[in-house]
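Asks: Chain by chain, the residues run as shown.
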Amino acid sequence: MESFRKNQGVFWILAGPGSLWLLFFFLVPLGIVWILSFGEKAVIDGKVSITETEITWTLANYVRALADPVYLVIMWKSAWISALATTLCLIIAYPVAFVIAFASPRWRPWLLLAVILPFWINLLIRTYALIAVFRIRGYVNFTLEWTYDSLWLDRLFGPFEPLELLYNDFAVVAGLVYVFMPFMVLPLFASIERLDRSMLEASLDLGASQMATFLRVTVPLTMPGIISGVILVFIPCLGSFLTADLLGGTNATMIGNVIERQFKAANDWPFGAALSFLLMYVTFGALALRALLSRDAGMRT
Amino acid sequence: MSIISIRNVTKKFVGITAVDNANIEISANEFFAVLGPSGCGKTTLLRMLAGFETPTKGEILIDGVDVSTMAPNKRPVNMVFQSYAVFPHMTVLANVGYGLKVTGVPAAETRRRAEEALEMVQLAHLGERKPDQLSGGQRQRVALARALVKRPKVLLLDEPMSALDAKLREQMQLELTRLQEEVGITFVIVTHDQDEALSMADRIAVMQSGRVEQIATPELLYESPNSRFVADFIGKVNLLDAQVTGASDHGVTVDVAHLGKVTVPHSGGVQGMVSLAVRPEKIRMTVGRPDSGLAVQGRIVDWAYYGDTSHIHVQPANGPPMSVTVQNDTRSTIESGEVGDQVWLSWQADDTLVLDR
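Keeping their order, the protein sequence lines are chains A and B.
For what it's worth, my numbering labels the leading residue of the first sequence as 22, then goes sequentially.
For what it's worth, my numbering labels the leading residue of the second sequence as 1251, then goes sequentially.
Just so you know, these hints were derived from the structure itself, not from any lab.
Please note that the accuracy of each hint is not assured.
These stretches of chain B come out as covered by chain A in the derived footprint (C-beta under 8 Å, 3 or more residues) [unchecked claim]: (1) 1316-1323; (2) 1348-1361; (3) 1474-1480.
Not close to chain B: a few residues of chain A, all C-beta gaps over 10 Å, as computed [stated by the list, open to error]: (4) Y83; (5) A100; (6) V117; (7) F119; (8) A122; (9) Y160; (10) T164; (11) W167; (12) S219; (13) M220; (14) L225; (15) V238; (16) L242.
Partial list, computed: chain B residues near chain A (C-beta under 8 Å) [unchecked claim]: (17) A1300; (18) A1335; (19) F1337; (20) R1396; (21) R1419; (22) Y1555; (23) H1563.
Note that the Cβ used here is the ideal one computed from N, Cα and C, for glycine as well.
Work out the full structure: start from the sequences and follow the hints.
Replies: Here you go:
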């Protein structure tokens, strides 16, 4: 760091491309969307244009988003669906990360590969694959029916009624958990792997049960990983629209779907922009909460 | 009565026998050291006492109870870890109170006993600090207090001094001895540092490649080692190859390259090739031929000055070089010889040990 201050030329050569990239492809578009959120549809020759937008610095879009309970309800629902998916991810990923971190060095790379393997397949295709799993004649129902029939329950209670697993909140949560699981496993793995094993042994040695050791030593010491994983899963969940679109249908709309529709089908960019920024403020809130939590925990992440 | 009985204990890991048929009895209130080079199995032995490893064969009794397969959190022993393993997310006081809190001791009593324990290790004023605000020596005291507050029957210490600098180490050695006398519980310390073991322990078990070589008091271990390994590992020693030519009531007669035929005291029969062992500080170095004892003439090849002592290497006319330790008990001692001088080395037959090769 010190040498960067001395060699400013080197600093700018190294930092320049990345900074310019962020400026032109992140900050400028973000600024444009922010400005758009204060616009309204242009009036040309006395008629409201379908395609043109005019920046009038109106707050109407925000007023509309906050005044109509529909949007707040959807935003609230998105938040709790995301929270539920994040919680499930954490509960499932923690033991997985634990097993990987404690596996022999020979097995560890293969187990990590298995976790990130789904990334090698396009999200859209993976989501369609989930439809094949959850639909009425899907693998879940097929397996359930086979078990049901094998136990001769069909002779007792009549034929098997397939479960409606698709196009509801359950399907969306399941899809989100499936898609974002690696984002939870990896930071958890990183922090569990760094955990000093003698801390756990010391806790056992001092008379703590396995459960007490887990709750009082393992969890607090891996808290940075837990917080990172929660943030990494919760924020993309909040903004996701593909999963809700394909698995949730019209019954489980998330705020991401609403925004997408404003930009595409409804062609109302100013309103979509306003909703986007409201969502971003919620995200900032979550990040601020994280900073607060990690400051309370008194550790660096 | 023994507080710890280690009976025929063997521990095998995949492809390696870490501990090989160990038998150790440790009595109550003893300060017991397990000494050996790294990889000799001493830490595995300690981990079996703590419950982190289970013996492959044999049994471990603590206070008469077989604990061979008992979980670590059920055993009446506590451990001070090599890395100290002080919980970084808790204050010093919370660290020390942890073992009481998790076993259901009421909060008020936990606090009182934790404060007492901190008092004992002279850290009472640092109770509210976090471990990352402490020095290495202070962290070790926290680990000590945390283990002692549980009032265990046995305190296990795994290489407790290895992360401390020389001055602090000496201070902690004294302090540990004081603490052990104060609390009156059995200490079992694992170390590779012979000075540490010799200065603190009542008895020492010397281990090598999984086997217990000798269990004895520091004095006996140093003056009467029962094997070449122990003689060589504890302190410095000159080992001379010798051929046994005869035995009598007074000892054995051996033929040594340096000395010719000599008789040294030894009980018990030996024959064939043996090693004669003599400690460097038992040897006198003189210019003239000494009147008595075993004597060798040689040339000084190296003179290492250590302040209080000097270590001198002397090359006899035939045979391997020998080392001599000279006390620099007057300021002029250092002028008494230099590299290249011809000198006589002599020692008493009584100071010579006969060891199996």
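Asks: Each hint should be assessed against the structure and marked as holding or not.
Replies: How the hints compare with the structure:
Counting residues of the segment 1316-1323 of chain B whose CB lies closer than 8 Å to any CB of chain A gives 3, so the stated coverage by that chain holds, three being the minimum. Counting residues of the segment 1348-1361 of chain B whose C-beta lies closer than 8 Å to any C-beta of chain A gives 4; at least three are required, and the coverage claim holds. Beta-carbon proximity to chain A at under 8 Å applies to 0 residues in the segment 1474-1480 of chain B; the threshold of 3 is not reached and the given coverage is violated. For Y83/A, the shortest C-beta to C-beta distance to chain B comes to about 42 Å, beyond the 10 Å cut-off, and the non-interface label holds.
Interface exclusion of A100/A from chain B stands, the closest Cβ pair being 29 Å apart, more than 10 Å. Its beta-carbon lying about 24 Å from the closest one in chain B, V117/A satisfies the requirement of being farther than 10 Å from that chain. The Cβ of F119/A lies farther than 10 Å from every Cβ of chain B, with a closest approach of about 18 Å, so its non-interface assignment holds. The Cβ of A122/A lies farther than 10 Å from every Cβ of chain B, with a closest approach of about 18 Å, so its non-interface assignment holds.
No Cβ of chain B approaches the Cβ of Y160/A within 10 Å, the least distance being about 40 Å, so the stated non-interface status holds. Listed as outside the interface, T164/A is consistent with that label: its C-beta sits roughly 39 Å from the nearest C-beta of chain B, beyond the 10 Å cut-off. With a cut of 10 Å on Cβ distances, W167/A stays outside the contact zone with chain B, its closest approach being about 42 Å. Against the 10 Å criterion, S219/A falls within the reach of chain B, whose nearest CB is about 4 Å from its own CB.
A Cβ of chain B approaches the Cβ of M220/A within 10 Å, the least distance being about 5 Å, so the stated non-interface status is violated. With 10 Å as the threshold on Cβ separation, the claim that L225/A sits away from chain B is violated: the shortest Cβ distance comes to roughly 4 Å. Against the 10 Å criterion, V238/A falls within the reach of chain B, whose nearest CB is about 6 Å from its own CB. A beta-carbon of chain B comes within 10 Å of the beta-carbon of L242/A; the shortest separation is about 6 Å.
Because the closest C-beta pair between A1300/B and chain A is about 6 Å apart, less than 8 Å, the hint holds. For A1335/B, the interface hint holds, since its Cβ comes within 8 Å of a Cβ in chain A; the closest pair sits about 4 Å apart. Hint on F1337/B holds. Least Cβ distance to chain A is approximately 6 Å, under the 8 Å limit. Taken as an interface hint, R1396/B checks out: its beta carbon lies about 7 Å from the nearest beta carbon of chain A, inside 8 Å.
Because the beta carbon of R1419/B sits about 21 Å from the nearest beta carbon in chain A, more than 8 Å, this interface hint is broken. With a cut of 8 Å, the hint placing Y1555/B at the interface with chain A is violated, because the nearest CB-to-CB distance is about 41 Å. With a least beta-carbon distance of about 43 Å to chain A, the hint placing H1563/B at the interface is violated under the 8 Å criterion.
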